[in-house]
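Okay, here's what each chain looks like letter by letter:
There are 2 protein chains.
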Amino acid sequence: MAMQRIEPGELPTRAEVLAKLFSKWSAPVRTERVRTEDALYRILAADVFSLCDKPVFRGSRMDGVAVDSERFKDGVPDASEWKLGTDYVRADTGDDFDDAFDAVIAVEDLEFLPNGGLKFNDDLEPVTEGAEIANRGDSIARDMLLCEKGTRLLAVDLAAIAMGAVSEIEVYKKPIAAFIPTGSELIPLGQLPKRGETVCSNSILAKCMLEEMGAVGLTFDPVADNPKELSATLDKALSDADIVILSAGTSKGSEDYCHTLLAERGELIFHGVASAPGRPMAGAIVDGKPVINVAGPPTACFNGLEWCVKAVVSKFCEQNPLKRHTVLATLSGDIHSGGVGFESFVRLKLEKTDSGYVAHPMPHRATRTPDSIRAEGLYITKLEPEAQSKGDVIEVELLR
Amino acid sequence: MAMQRIEPGELPTRAEVLAKLFSKWSAPVRTERVRTEDALYRILAADVFSLCDKPVFRGSRMDGVAVDSERFKDGVPDASEWKLGTDYVRADTGDDFDDAFDAVIAVEDLEFLPNGGLKFNDDLEPVTEGAEIANRGDSIARDMLLCEKGTRLLAVDLAAIAMGAVSEIEVYKKPIAAFIPTGSELIPLGQLPKRGETVCSNSILAKCMLEEMGAVGLTFDPVADNPKELSATLDKALSDADIVILSAGTSKGSEDYCHTLLAERGELIFHGVASAPGRPMAGAIVDGKPVINVAGPPTACFNGLEWCVKAVVSKFCEQNPLKRHTVLATLSGDIHSGGVGFESFVRLKLEKTDSGYVAHPMPHRATRTPDSIRAEGLYITKLEPEAQSKGDVIEVELLR
Numbered sequence: 011m012a013m014q015r016i017e018p019g020e021l022p023t024r025a026e027v028l029a030k031l032f033s034k035w036s037a038p039v040r041t042e043r044v045r046t047e048d049a050l051y052r053i054l055a056a057d058v059f060s061l062c063d064k065p066v067f068r069g070s071r072m073d074g075v076a077v078d079s080e081r082f083k084d085g086v087p088d089a090s091e092w093k094l095g096t097d098y099v100r101a102d103t104g105d106d107f108d109d110a111f112d113a114v115i116a117v118e119d120l121e122f123l124p125n126g127g128l129k130f131n132d133d134l135e136p137v138t139e140g141a142e143i144a145n146r147g148d149s150i151a152r153d154m155l156l157c158e159k160g161t162r163l164l165a166v167d168l169a170a171i172a173m174g175a176v177s178e179i180e181v182y183k184k185p186i187a188a189f190i191p192t193g194s195e196l197i198p199l200g201q202l203p204k205r206g207e208t209v210c211s212n213s214i215l216a217k218c219m220l221e222e223m224g225a226v227g228l229t230f231d232p233v234a235d236n237p238k239e240l241s242a243t244l245d246k247a248l249s250d251a252d253i254v255i256l257s258a259g260t261s262k263g264s265e266d267y268c269h270t271l272l273a274e275r276g277e278l279i280f281h282g283v284a285s286a287p288g289r290p291m292a293g294a295i296v297d298g299k300p301v302i303n304v305a306g307p308p309t310a311c312f313n314g315l316e317w318c319v320k321a322v323v324s325k326f327c328e329q330n331p332l333k334r335h336t337v338l339a340t341l342s343g344d345i346h347s348g349g350v351g352f353e354s355f356v357r358l359k360l361e362k363t364d365s366g367y368v369a370h371p372m373p374h375r376a377t378r379t380p381d382s383i384r385a386e387g388l389y390i391t392k393l394e395p396e397a398q399s400k401g402d403v404i405e406v407e408l409l410r
Numbered sequence: 011m012a013m014q015r016i017e018p019g020e021l022p023t024r025a026e027v028l029a030k031l032f033s034k035w036s037a038p039v040r041t042e043r044v045r046t047e048d049a050l051y052r053i054l055a056a057d058v059f060s061l062c063d064k065p066v067f068r069g070s071r072m073d074g075v076a077v078d079s080e081r082f083k084d085g086v087p088d089a090s091e092w093k094l095g096t097d098y099v100r101a102d103t104g105d106d107f108d109d110a111f112d113a114v115i116a117v118e119d120l121e122f123l124p125n126g127g128l129k130f131n132d133d134l135e136p137v138t139e140g141a142e143i144a145n146r147g148d149s150i151a152r153d154m155l156l157c158e159k160g161t162r163l164l165a166v167d168l169a170a171i172a173m174g175a176v177s178e179i180e181v182y183k184k185p186i187a188a189f190i191p192t193g194s195e196l197i198p199l200g201q202l203p204k205r206g207e208t209v210c211s212n213s214i215l216a217k218c219m220l221e222e223m224g225a226v227g228l229t230f231d232p233v234a235d236n237p238k239e240l241s242a243t244l245d246k247a248l249s250d251a252d253i254v255i256l257s258a259g260t261s262k263g264s265e266d267y268c269h270t271l272l273a274e275r276g277e278l279i280f281h282g283v284a285s286a287p288g289r290p291m292a293g294a295i296v297d298g299k300p301v302i303n304v305a306g307p308p309t310a311c312f313n314g315l316e317w318c319v320k321a322v323v324s325k326f327c328e329q330n331p332l333k334r335h336t337v338l339a340t341l342s343g344d345i346h347s348g349g350v351g352f353e354s355f356v357r358l359k360l361e362k363t364d365s366g367y368v369a370h371p372m373p374h375r376a377t378r379t380p381d382s383i384r385a386e387g388l389y390i391t392k393l394e395p396e397a398q399s400k401g402d403v404i405e406v407e408l409l410r
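Going line by line, the protein sequences match chains A and Z. Going by this note's numbering, the first sequence runs without a break in its numbering and finishes at 410. Going by this note's numbering, the second sequence runs without a break in its numbering and finishes at 410.
In silico DSSO-like pairs for lysine-lysine, Cα to Cα no more than 27 Å straight-line:
1. A:K359 / Z:K159
2. A:K362 / Z:K362
3. A:K362 / Z:K333
4. A:K34 / A:K159
5. A:K333 / A:K320
6. A:K159 / Z:K359
7. Z:K333 / A:K320
8. Z:K159 / A:K362
9. Z:K320 / A:K333
10. A:K392 / Z:K362
11. Z:K320 / A:K362
12. Z:K183 / Z:K30
13. Z:K392 / Z:K362
14. A:K362 / Z:K392
15. A:K333 / Z:K333
16. Z:K93 / A:K238
17. A:K93 / Z:K238
18. Z:K333 / Z:K34
19. Z:K362 / A:K159
20. Z:K362 / A:K333
21. A:K320 / Z:K362
22. A:K183 / A:K320
23. A:K30 / A:K320
24. A:K30 / A:K392
25. Z:K333 / A:K359
26. Z:K359 / A:K333
27. Z:K129 / Z:K93
28. Z:K246 / Z:K320
Computed far set for chain Z versus chain A, every beta-carbon distance over 12 Å:
29. E91
30. K93
31. P395
Source of the hints: derived by calculation from the structure; they are not laboratory data. Glycine included, each C-beta is placed from N, C-alpha and C at the ideal position.
Chain A on its own, in the form it takes in the complex (with noise of 0.2 Å):
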């Protein structure tokens, strides 16, 4: 049996494999109630509103005293016999007070007397009722929308729903995504190879990464190219997880297992993405839920998991991907197109120098060295064959 030979331009684009894979599988949405407190980096599931009005009542704004303005209208009274608790009380900022009064005086334009009594400044502004005073709702109103359903939440976010009393929110269950390493040369990370072994790497790469998306990364032991005990762990991940994500195998002439098993177990979606590192790649819906085949070099590996991996995760909160920051940088060497109908991902060493970035081209052939999975920064070429000479200045996605 012959190779087969695809041509680049008869690959579908990621887009395009997105657009089939989300065509013939959705997400279930599922959510869960947490405390708010726990809830750092979820995504919020529904809108969230206060449940309360802040002040409750009305609230100093300043830390001061609170006095009756009836006593202020013909002018500043000689205060220096009042009574605290009588003729005033303390009220700092925040702080609500009796009715008895209704006007606030910062600390800054009195004096307090040793017997208990004030003297006001001679400067001191006409005091009016409600003078510094916040009323029912000013900051917060009962009811009024504190966050957005689909936030991702951060410590500010909680803040705010916080100060609107909301103890628990919904977010989206996180998903369980499986990983399995492929590869009878792979040995678990924790011992050392010996001739014709290599670390699975992988692992560890998918566990972390699929942590930062917002997913739970389940990690299996490597399995040997073997079709029987690949099939058999297959099944367990189906049972545990939502995702299920196989590395490697996806090109092997000896077989293409993983595709090949893909194929055989439920609907294979694609097979070839025409993108580099990683065009082998393949996906398919299994018993319900998508399989993704990364290719096995950890920046392959790597590329499978950043546009692929990531938009599935994404689906089950009701998402788009997170974009990446970008800087502007100039090129120090030439980057060469994928051709027509297929791109690159460009890994680049990010200098800051005084005029700016520079961004250094790696090896499109070094996907496996630890200073290729460690660039700084990503470009993605153009499906259109574009020409990135030295001296360009092009967009880079920052990867760290």
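Please build the complex by placing chain Z on the supplied structure of chain A, with the hints as guidance.
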């Protein structure tokens, strides 16, 4: 007693406060060994070097077959009767193979015949010793530096470390930061506030911001404005934590329990900073530990955590605080200078338009609304008076 009036220009700047604090206090540097897979977002405390070569001996650069190059020295041989295991073996990417073979031919360059023999393509390039074979250490040499001390570990760093078979690494211990909200009006999240009560939202803000900055937040229930109770809580916090943060009570006339307590209990480093919101902050060294008193309004609390506590936390990892990403944005309104020697933290709403970002300044006074705490951007005015007007382009720190 008159309230002390401090002119803005007399207050120390943030840089002066930190310089004084760090001249009086040094963070204890403590490290711990953790499993590589558990080290996401931790800070590496020592350079990590590879424990192995990769390949350990050699490995195929592609999916193909390994052959003896000797048989190709007179051109492409007739391989139609070759036997798997004797005349050739499968050698997929990364695979090592028997020493009888010394070159790899890609699957794309041959056909597998039904009898087990091979047919090489007519346009096969000359096959020489070592062709398409990666040698010992080509990707990683043993003892090669995989990751530098001080790196905030991302998925890709951990993958690089795993490639070198390093399963345990030395990271800085996370400091424990106690957060004590003070104020008789405060109630913990979980109850509906009644008249005169305010939900303590600073606790959740601090807990989550501390987590983001790499500390463990230990939050205390709100403490009433009562010096004895506050002192007892401070004792507890000092015994449980490496850093103590007091919230509010910074400028209260009735009285400033917090900073008074700090001056009694330890060495007061500062009281007041040339920066707002949050100007009446204070800081001290008590029992050899930094105690930072942030102001009570939510945005003031945020600012104190952002510039001061973050700098303190970073010292425990021998780091400078992580800088936020910035974007250029056009102002939709004027920003007022804080005055000579005084700066303002201006919170901004960011709007993405076709012609770039537009920054809408939020009212300086809005220190307590959900909107202000949830701002997308931050701009800090310069200590030299500056005018930033509608239409000006400013560099905005991204808060989201």
